[in-house]
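Colleague: Sequence:
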Amino acid sequence: MNKIRVLPDSLANKIAAGEVVERPASIVKEMIENSIDAGATRIEIDIEAGGRQLIRISDNGEGMSRDDALLAFERHATSKIRTVEDLEAITTLGFRGEALASIASVAKVRLRTKTALDPAGVEIEISGGRVLSVRDIAFATGADFEIRDLFFNVPARRKFLKTDATESFHIANLVTHYALSNPRLSFTLRNNNRESIRVTPAADLRERAYQLFGEEFIGDLIEVSRELGRMAVRGFVSSPSTPRSNRDSQYFFINGRYVRDKVIGRAVSEAYRASMPAGAYPSAMLFVELPPQDVDVNVHPAKTEVRFVRATIVHDLVRDGIREAVGLARAAATPFIERRGEPDPPAPRPFVVEKEWNSGQPAVEAGTDPRPASSGPAEVDTAMSTPAPRPQPKPQPAPQPDPEQLKIVLGLQAHHQDPEPVALPEMLATETTAPLPEPYRAVHVGSRLGCLGSRATETGGSPIRPAQNLTLVADEINPLGQLHNSFIVATDRAGLLLIDQHVAHERILFEQHWQALRRRAIEVQRLLIPETIDLSPAQAAIFDQITAELEENGFEADRLSGRTVAIKALPAMLSPAAAQSLLIEILNAVDTDRHSRSHSSGISMDELRAEIAAGLACRAAVKINMPLAA
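Counted from 1, the sequence shown has number 494 at position 509 by the working numbering; the numbering is strictly sequential.
One should not assume that every hint holds.
[Said to hold, decoys possible] Calculated lysine-lysine pairs in the DSS-like style (CA-CA distance at most 30 Å, straight line):
(1) Lys93 <-> Lys147
(2) Lys144 <-> Lys93
(3) Lys(-12) <-> Lys147
(4) Lys608 <-> Lys553
[Said to hold, decoys possible] The calculated label-pair distances, taken between Cβ atoms and stated as ranges, are:
(5) Ile(-11) <-> Met590: 18 to 28 Å
(6) Arg245 <-> Gly480: 27 to 37 Å
(7) Asn178 <-> Leu313: 26 to 36 Å
No lab work stands behind these hints: they were computed from the structure.
Cβ coordinates follow ideal geometry from the N, Cα and C atoms, glycine included.
Throw the hints in and build the complete structure from the sequences for me.
Modeller: What follows is the structure in structure tokens.
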């Protein structure tokens, strides 16, 4: 008996479906590409249960005849290529002829279509690769694909699908990509009969970006345009002053095809290397155009990856184009100020706390001669004269602060509820240039407090957790003053402490909110006039997923029409002016965690609560460059 045999078409199609149909978004991608190739100007997508129950894509393209509609479900049936030469110069989005056959083998499919020349349309129903019916119907020109019960006959594949919210997010993200690359087409996406995306034909990419992301996103976009022979890169990037925490705002297209390409991504990162810190990313919408024979789009079953013949040239073209655009924008935004005979600004006065150090001598003013005053006449320099220093009175001992007051200053008292800047003990004004003795070494108290700083999850560490015991022995710490309106200077038995006032206050507010959350005692302030904010399609999908948890943390926000959200109430510690930015930060944090976890459904509820508590504490805490009351 022969060991080698030809697989039946039904089994071969299911194997191909494992490569082409990764998740519901894969089906949406294939269908949108077919609609664009068919010349459609209007594309509508409806999904239910994240696409696993229903995906419907309707368009007003050229449609198919009865015979073509039947052939379209055969494996490797395509109208896009005929010869090997066509494969080397592909200009259409779809061409492999595997998508419809693969989809029909793992779902229940109904196709309704008609061309302008046919007197009637045709309806074809297929279930698990088996044709159930073919009949004539009345139908307008175009096509309507309805895919139900995805993976109904392959339960092993169905169990690997994520939650409905996650699958809906991927579909919304995909539709956003194709709406960006085709601004002259109209797109509509409805999720469970609720409209998520609706964009009408736009004049250009900037107008389409405004439709999708709102005015705030396009406010600082910088136009990129650079050509090199038959190659060109065009589009928009963001200013270095508005970084993002992830790459989700980077959209790359090769000859109009949405791709995930490491060459372009690396070029974008290198262009911003000198102007953005590590872990920060710019927004980018870049369209690379080059001859079809210089790029291979047939290296991935889903056609989301490409291979360049001259990758180095493409990389340098994108990098240099961005650098040039950002440099010109920065130069245009920086006015030239001519200085003629203006004196140099005075040097900042050094911050030194009055103290009788080990010499036992009183402190003296900075810039004066520390030697004892002579009873004789002072020496006179030929260029300038220096008056003899005035006798300095012996300073009084520094006032000792109340220990309870000190605990509040350092942000260490868990029951402290006042988010306003707190009072410091009276600061000592006298300065000195005397060196600090060895015992007075500077240390940062942040490590003692377990301060938040930046989120641990963004740097690869463990999620933020509340401290078990935040109280320090404050009675041994003597506050001395404030440095640069940002740090509290104090001493303890070990030496000199330099305390970040923002981080210290942030930590205690984080603990307060966490404890109130556990007791379900979050204080809420209602807004007289709700704050409204326009979300991106991906952010709107995440908002629907975490609305209940936002309410637990003191937010009351409702979806209005489209992707507009109205914030009606927020935690009492938060300023209304910071509500919008914090909500966006939370949504982006959930998005980042979702993309960084390839084997889980995303961020856990405990981590989400910690993200919200950290964001609230950061915005409510005393900021740097903020003087504390004396």
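Colleague: Can you name, in rising order, the numbers of the hints this structure does not satisfy?
Modeller: Structure breaks hints 3, 5, 6, 7.
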